[in-house]
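Residue numbers (the working numbering), protein chains in the order written: chain A, 1 to 87; chain B, 1 to 418.
Hint data in this document are derived by calculation from the structure and do not stem from the laboratory. Misleading hints may appear alongside valid ones.
[Stated by the list, open to error] Computed Cβ-Cβ distance ranges for the label pairs, DEER-style: (1) A166/B <-> C9/A: 32 to 38 Å; (2) H55/B <-> K2/A: 44 to 50 Å; (3) T49/A <-> S163/B: 45 to 51 Å; (4) T49/A <-> T209/B: 17 to 23 Å; (5) G10/A <-> A139/B: 53 to 59 Å; (6) P80/A <-> N385/B: 32 to 38 Å.
Note that beta-carbon positions come from the ideal geometry of N, C-alpha and C, so glycine has one too.
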Amino acid sequence: MKQIPCPHCGNRAQAEFVYERSADSVVPLDAEPAVAIAALFSRANLRGTEEELWRHAHGCGMWLLIRRDRVSHHIEWVKPIGPEALP
Amino acid sequence: MSKYSALQLLRGAFNGQSHWQPAWRHPDPKPSYDVVIIGGGGHGLATAYYLAKVHGITNVAVLEKGYIGSGNVGRNTTIVRSNYRLEPLGRFYEFSLKLWEGLSDDLNYNVMFSPRGALTLGHSDADMIRLAEKGDAMAVQGIEAELLTREQVMKIEPCLDFSRQARFPIEGAMIQWRGGTARHDAVAWGFARGADSHGVDIIQQCEVTGMVMDGNRVIAVETTRGRINAGTVAICAAGHSGHIAAMAGLKLPVESQTLQAMVTEGVKPMVNTVVMTQSLHCYISQSDKGGIVFGGDPDNWPSYAQRGQPVTMELAIQQGLALIPALSRLRMLRTWAGVTDMSFDGSPIIGPTPRDGLWIDGGWCYGGFKATPGSGYLFADTLANQRPHLIVEPFGLDRFERGTPVDENGTGPFPNHR
Ligand SMILES: Cc1cc2nc3c(=O)[nH]c(=O)nc-3n(C[C@H](O)[C@H](O)[C@H](O)COP(=O)(O)OP(=O)(O)OC[C@H]3O[C@@H](n4cnc5c(N)ncnc54)[C@H](O)[C@@H]3O)c2cc1C
Ligand SMILES: [Zn+2]
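Isolated chain A (complex conformation) (with noise of 0.2 Å):
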């Protein structure tokens, strides 16, 4: 099975993490509504590297930002989430 690397527990295999959304659809708080909707209901789905969040669900239980090809299901890398992390 595939590995992440949890910034908080190490390796650790894939069955314990979530996927929860591609980083580009968290909606900023003060979003105008087209900017809000293109965020919450369109995706660019890429065919290649994209930047997304995950959960350590059965471990530490934290949000993570992964950037990892959707091809090759290589993990360039798993940052911490906070709020340096979010657009």
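Given the coordinates of chain A, work out where chain B with the ligands should sit on it, guided by the hints.
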């Protein structure tokens, strides 16, 4: 195109079956077509077939990056049914099911449609209430459904675990007798042969790599076999819809995920219907060769890889074994995966896009095989008349921003629901 018939077979018996001809041509692309369809899966080929046959629009090309049938049309678990709760879905899938019933004759190609019954098991009172509700919703739309007791299910599927200690006790079921399975490759081949015989060019090994715009209008596609001009461009690319829409600068309410399936060695008949369940996500049927065909949940994260993770497979198998313990004796022969275009409400997207001349048929999630003839017919009608057919109108690309999703499971606007 010569018609397939028993007489033709018999004649072939005397000439060593030497009369067989290729079922479709392999033309080079022309510089320009009235309609260019991107994707030679079930939907692209069916759309081309009905465009030519029903609307007389024959200057049509189907562009396929690999070979036809290499996508989800040849990877699915072939379940065909129209057992939906919401009216727009019931209307649409029932339209499709009616076409399935006459499809082999219409195409003069045996798609082996086998209406053996689509059985949905209930494992609790709550399940049975939901099944009754769904059956009533179907009946109101004139689609037959039958609620079955535990004893009735025992007669239909004796191999299920009916013991009270079962991990998933069986309290009853709902069955749509007209549902069943079909031979998926034959569906692709039958529509291809039919479309080709009406003059449609099926161009394989031809990947669309870009779109040529004139202002807001798509006027041509760039391909690995050169530029092809088009009056109308239709996206029928299933899991790759988003990737292709991006070529026209569009983002879709779709996320591409992997869905897996698997099949065991062939055994004598033991599963009579298509077995599904209200609470689990595991569906089981037996192919005509005797293999037990299994499917489960998608791998719930975006991927274009066409290869699944073992954890998801294991989950599906665990559920299958709990339902039919005898399956533990069988060897799994093959597993595979396809890229599915998960829409945000689980319903398809059919209609115009914000670009002039660009139309889409996508968002099929893991349920678009049963839609193949229906969506082909209605999308062809939509393209021919340059407006959505009434039955597909609820499935517009803009339904989310308008606040009118078609959310059968009531799970909200995320592609991860099931
Ligand atoms: C494992 C699995 C099980 C399933 N089980 C069922 C089921 O039981 N019942 C059911 O109803 N549905 C099921 N489905 C869903 C169903 O198979 C799909 O919804 C349906 O086949 C999608 O439409 P299609 O046949 O046109 O897609 P596809 O056959 O995938 O056709 C799309 C085509 O577009 C081509 N393409 C992509 N990009 C390009 C490009 N740039 N240029 C040219 N061509 C391109 C692809 O190569 C592909 O051939 C299942 C799917 C999977 C993966
Ligand atoms: Zn962790």
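Hints, verified against the model:
Roughly 37 Å separates the CB atoms of A166/B and C9/A, a value that falls within the hinted 32 to 38 Å. A beta carbon spacing of about 48 Å between H55/B and K2/A agrees with the range 44 to 50 Å that was offered as a hint. In this structure, T49/A and S163/B meet the distance hint of 45 to 51 Å, their C-beta atoms being roughly 50 Å apart. Separated by about 19 Å at the C-beta atoms, T49/A and T209/B satisfy the suggested range of 17 to 23 Å.
Separation of G10/A from A139/B is about 56 Å and conforms to the stated range, judged on CB atoms against 53 to 59 Å. With their beta carbons about 54 Å apart, P80/A and N385/B fall outside the hinted range of 32 to 38 Å.
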